[in-house]
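Undergrad: Residues per chain, in single letters:
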Amino acid sequence: MPIILKLAFRNIWRNPKRSLITIGAISIGVWSAVTLSSIARGLSYGMADDAINNLVGHVQIHAPKYLDDPAAEFNFNISSSIVRDRLSSLKVRAVAERVRVPAVLLSERESVGVNLVGIDPQTEKSLSFIGDGVSEGLELMDQKDPGIIIGKRLKEILKTKLGNRVVLVTQDSNNSIVDRGFRIVGVFDAKLESTEKAFVFVGREVAQSFLNLEDGISEISLKLEDAEMVDAAIATLKMEFPEMEIDSWYVLEPLVIALRKVQDGFLIIWFFIVIVSVSFGVVNTQLMSTFERMREFGVMMALGLKPKRLLSMVTVESLMLLVIGLSMGNLMGAMNFFILSDGIDLSTFAAASEQLGFGKIVIPRFIARDWIQCSVLLVVIGLISTLYPAWKGSRYDPVTSISGRGV
Amino acid sequence: MSVLIKCESLSKIYDQEETKVTALNNVSLTINEGEFVSLVGPSGSGKSTLLNLIGALDTPTSGKVTVDGVNLAVLSKSQLSDLRLNNISFVFQAYNLIPVLSARENVEFVMELQGVSPKERKERSIAILEEVGLKGLESRRPSQLSGGQQQRVAVARAVVTKPRLLLADEPTANLDSNTARNLVSLMREMNEKLGITFIFSTHDPIVMEFARRIIKLRDGAISEDIKS
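In order, the protein sequences belong to chains L and E. Numbers 0 to 406, taken from numbering that gives the first Met the number 0, label the letters of the first sequence in order. Numbers 0 to 227, taken from numbering that gives the first Met the number 0, label the letters of the second sequence in order.
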């Protein structure tokens, strides 16, 4: 083993207590940085997953003007099989055709503004939360099912129950007010109470007949196997259907993307603060260590060791401390995933977290880029900060060092 | 015998706060290859200063030091480092050895800096440690060796690279007389066997006993130069 590496490694363990404290400080710093980043990413990626599962999907197709005014008159006629066919080069997990308009839902006691969504329950599986089934009663059997499924919270607000009838009032494709009664056949549970209040589901053909749409639909939502291919899908669909409004989930859910960008900046700042703080510890350790070895350095330089090699020896010692601390910190961070694999329960803060679009359970998320950024920053900033003690050591004059008089 | 070291009108003045201290005052001397020289004198007489100047560890305020025909003043710091690495060895009074290296690794240290192959380093270091009477102690760290044994390791390290010149600054100061005698006797043996030029700075009469030339210093100047 080259002498510099051998000396560097053994010198670290000359004062094991001090080195272990320094390594401990680095580990805790790294662990805190990766833990915070994984929880923060869990929040934002969870939010994105919820948004995607919450009927948005990866890509949506609408008629022009629909997004500004989601009325039944802004409908179109493109089948999901054509869409799937156009995207044959990309792996499409699911495509759903929907009717979707704002409506008022009335029980015998209350009325609430909702989004009426006409679905084919088979195509919603693997695409949205409603495809996962209901917590009470029955799912819609098919798109001709005459029943209605409402959210658990909505049921409470309407003071109604499974089996009761409710009335939907809305505008049809001719902008005429229409109403129809539906029997509650199922109640769904969602991650967010706002979702339970916002959406009611009926069969798509039932909705089309209710709104005088014939074969018209309000939207197509699709999910890809690979979320990274969203832009490619958008580009393909825009070429195939240039007259349609085609958007990705991050355009439809701008808050999620904005939060991620804020998070990216916040995390870098947090990493920087943690790493600079940790670096002070390393600098202090190395300054003490070089001061204690002044005579030894003097002898080594007298024997012919050049200052540059002495500088590299002290720098390698610092690098070893950083790498050991970094590895332990990352290992501790990785253990988080086992310990927190069921997620962190935020029910105590549920009301507040829901305001921001977070679910009650946050599952920490490993994002390789964050860990790499943190690790690289630690090594770079750590090494830069420890250049001073290394430089100081290399500047010792052999004569005064050996005599113990210092520089 | 050819001239190895030539000092011409060497002076060294230190600035110490508000006073100037003249450590060496216009010293001139010549040392030939293979000599076994002892610089003696009371504390502050300039012995260590002269040794440091000859060993290229320090630079004179005025005057010239030539080692093997090379004027040290024209060499850069890097070149002086190389000179020490390849031609000059040192044995100090204390703190000679690198604490985290074993006896053998300490002996190998300079050879490794010189780029000697691992196989050759190992062979030469084991051989020299045997020669200085430390066979079987190769893997011990300095803290596991006595003062005398540590100095023997330092001597082994100093001679294993076959330097032209070995400078020893009070090498026996921390040793009992018996150990000191053995150490100096060993060095004398190395001098005769390998032809290495030895220069000691010392108060120790045992060292003086073995020296073939004694240069006495007082107040930074040579007062006597005795060849036996």
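A hint or two may mislead.
Result set (DSS-like, lysine-lysine): computed pairs, CA atoms no more than 30 Å apart in a straight line [stated by the list, open to error]:
(1) L:143 / L:158
(2) E:5 / E:161
(3) L:5 / E:63
(4) E:5 / L:5
(5) E:76 / L:391
(6) E:134 / L:307
(7) L:90 / L:260
(8) L:307 / E:118
(9) L:151 / E:118
(10) E:5 / E:63
(11) E:226 / L:305
(12) L:237 / L:90
(13) E:121 / L:305
(14) L:307 / E:121
(15) E:161 / E:134
Just so you know, these hints were derived from the structure itself, not from any lab.
Undergrad: Hint numbers the structure violates, sorted upward?
TA: 3, 4, 6, 9 and 11
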